[in-house]
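> Using the sequences and the accompanying hints, generate a full structural model.
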Amino acid sequence: MEKQPYFKLKQIVKTFGVTKALNGVDLDIYAGEVIGFVGPNGAGKSTLMKVLTGILTPTEGEIIIQGKAEEHYSPKRAKQIGVACAYQDLSLCTNLSVYENFAMLNVSHGLISSPGWRKEAKENAKALLEKYFPGNGIDVTKTVDKLSLADQQVVEICKTLMTDNLKILILDEPTSALSTDKAQQLHKVVAELSQKGVAVIYISHKLDEIGIVSDRIVILRNGQNVGELSADEVTQDQLIDLMGGGKKEKKDKNADENAFGPNMVEIKGLTTNVLNDINLHVRKGEILGISGLAGSGQQELLQAVYAARKHIGTEGKNGVRINSTIAYVSGDRTKEGVFPLWDIMDNILVANLDRVKGKILLNKKQSEESANYWYDKLKFRAEGINSNIMSLSGGNQQKALIARGIASEADIIILNDPTAGVDIGTKQDIYELLDEVKKMGKSVILYSTEDAEIEICDRAYIMHDGAITAELIGNDINVPNIIKASFKKVEKKEREEKKNGLLHQILTSRITLPLLTMLVIFLANVVNNPNMLSYMGLRMKMNSTLPLIFAALGQMFIILSGDCDMGNGYSIALVNVLVGTILTGNPLVGLVGLLIFIAAYMGMAALIHLRNIPAIVVTLGAQFVWYGIALILCPTPGGNCPEMISNFFKLKTPVIPLPIIIAVLAGLVCWMILYRTRYGMVMRGIGNNPNSVERSGWNYLTAKMVNYGMAGLMVVLAGMTYTVSCNGADANSSVNYCMLSIATVILGGCEMAGGVVAPAGVVIAAVAMNLINSLLTAMKVDSNYQTAIIGLILIGVLAFKFIIHRKGASRNE
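The UniProt record's numbering numbers the first residue of the sequence shown as 1 and each following residue consecutively.
Be aware that a few hints might be false.
With a Cα cut of at most 27 Å, we get these calculated DSS-like pairs of lysine-lysine [said to hold, decoys possible]:
| id | residue 1 | residue 2 |
| --- | --- | --- |
| 1 | Lys79 | Lys131 |
| 2 | Lys8 | Lys79 |
| 3 | Lys131 | Lys484 |
| 4 | Lys146 | Lys126 |
| 5 | Lys167 | Lys68 |
| 6 | Lys8 | Lys206 |
| 7 | Lys377 | Lys427 |
| 8 | Lys79 | Lys10 |
| 9 | Lys76 | Lys196 |
| 10 | Lys780 | Lys541 |
| 11 | Lys146 | Lys76 |
| 12 | Lys188 | Lys541 |
Quick caveat, the hints were computed from the structure, so don't treat them as lab data.
Structural data, given as structure tokens:
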């Protein structure tokens, strides 16, 4: 009886407009086999994997699972049958810690967090990483953005392996950033999974490892199957031919010292917290390779060389000297490379605008000629130079970055793993281009995680544990020598440890700036009015600050979703009217009205997401709704604060005034929700990587509505405390809270994108903002100038923040 495939794709067609990405693709997947999946950039590999994981619905064709056709295949269904994918572009929330990224997959979805869940999650994360990648050295409490790209890839792979009922594992370029030893660890994992009956689809442009791990190799080209072979019966040259490329003969290299010019880069004794006594040089017209186990300091070395561009011709304090201009090309195109809103031409020319500028504007003809030259030279697979960069495959995006670096007038070019995720044909094009660059007299520093790629270099330095272990020249540059040097132990040079590590952490903390600002302004207020230090003085000042604290915390929850509330000044006014008029006369109706208001905020989140309307449009439109309802209810100032609320705020607490206690509790509760509850991970995650959250089994819309619901609750509290401070209702008096709340969250250490917030910083910043207003008023500064002065103070503290973080970055140089 013929063996039946667990999963079958039959005659799959997928079109995007006039483009046919897949054209009748067949794929049978059997339990326990490893399928090597290869093909040039743009062949349709990623599209086919998205069909397999349910992200894309095929235009034509059938999806058959265990002999039964699926009519409504979706990501949820894919997860049910055990399909999981470790994505090349990484499906991680970089603002969350490593253990939180893992925990999102396996923690309970209940509202109440059980005691000790975080400790258990950390232990599970450590055990998982150690199980698959022994000796990885990853700190699971660090946020993912603090990890190297290689460590992020390890986390991505391990996260995928957590899938319940795993039946089909897709590894999309899994070793593009991994060192040789970690790649070997992964190959072992693949073999173990295969023995357990898990089918593995292994996508890679590294043909040597495809031959090592695969049972069967499937070749895709132009959206079609062009071959299916046993891994034991095919050579790399045959694979290259089937993919439409031809392997270039390796040229014999002679270590002729006279073939190169003077030193363009010189490093003497470079030692940092990562690098250890680095000494090297790069000559004019030379391709210098940097290799070794990933994470051995290569990235830090490249960054130190590039940072030296600020002092060309002189030796910097770290012993790095460059003697000409320098350009940098990153292999991490998503984070450090492409400008996603621009087309191919602009992405190529952005570092080379001086060569195509006219008298005033850019010369369109020269720009197009230059872009077309590199477009043809690098054989882009696109409709033309005006195609958006994000419409290209990953490999073609990388071509644009390489063209940007080489087309510049820089004499030194740093290539940081430039062929990561690039097919063999494109690699050969790039290698030929590097030969031309050499002939032009430029110097190239090439770092690659692929040992065989270093063989194209004239010289190579191999690194291990932050030090150079070997210098290889000419024909001595080969994979065996590179591997041998990669594992060579080094004697570390003793160096003085920096004593200000704790001070640096304090200065770069997100609450330091708002705290320093608050203390400075508070002291200025005390000098001007010593009574502020009294119990009543603090009470009065904090009473007037509470509305801004809650307004800013509400803005913080909106920003957490990657949005901005442009109408919370009027929404606070509406709550003020509801509290000062309706809640005063009819508490039940008023309470229902406030609950409806919070529900309306959640409705805004649904509208933004379901109708794909920008948040700024929805919130700006909503402000007219809030304002209109407020005017209907209270056309002229009036009303009064409900007696129960007023009496509560009149309570006298010992030592510390009640408003200060409320402010501290507000920040603490928000922090607890976001950083100590399970669902807080999800609330923070959606502002960073919504796809990762959804792939982890959580609903994006629900999380967004919860964030907006929390914002609505904070607005209600802002409106209530505002009613207390003014003891009445006015539809026009709280408009300024919109801009003030935005300024407060920025000063408070929050980022406008990326899901990074600091509740404590927001509370402190709100106090600082209110104190600034008080000081200016006490100094009798005209109200027309107060806003400008507040703006200048904000610019000053943010400039200080920028300087501190720049100094923090320079510590690693």
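> Take the hints in turn and mark each one as holding or not.
Here's how the hints hold up against the structure:
1. Lys79 with Lys131: Status holds; Cα separation ~23 Å.
2. Lys8 with Lys79: 16 Å, holds
3. Lys131 with Lys484: 26 Å, holds
4. Lys146 with Lys126: 17 Å, holds
5. Lys167 with Lys68: 16 Å, holds
6. Lys8 with Lys206: Within the cut-off at roughly 26 Å; holds.
7. Lys377 with Lys427: This hinted pair holds, its Cα atoms lying about 13 Å apart.
8. Lys79 with Lys10: 20 Å, holds
9. Lys76 with Lys196: At roughly 24 Å apart (the allowed maximum being 27 Å), Lys196 and Lys76 satisfy the hint.
10. Lys780 with Lys541: 18 Å, holds
11. Lys146 with Lys76: Judged against 27 Å, a Cα distance of about 31 Å means the pair is violated.
12. Lys188 with Lys541: Since the Cα atoms of Lys188 and Lys541 sit roughly 64 Å apart, the hinted pair is violated (cutoff 27 Å).
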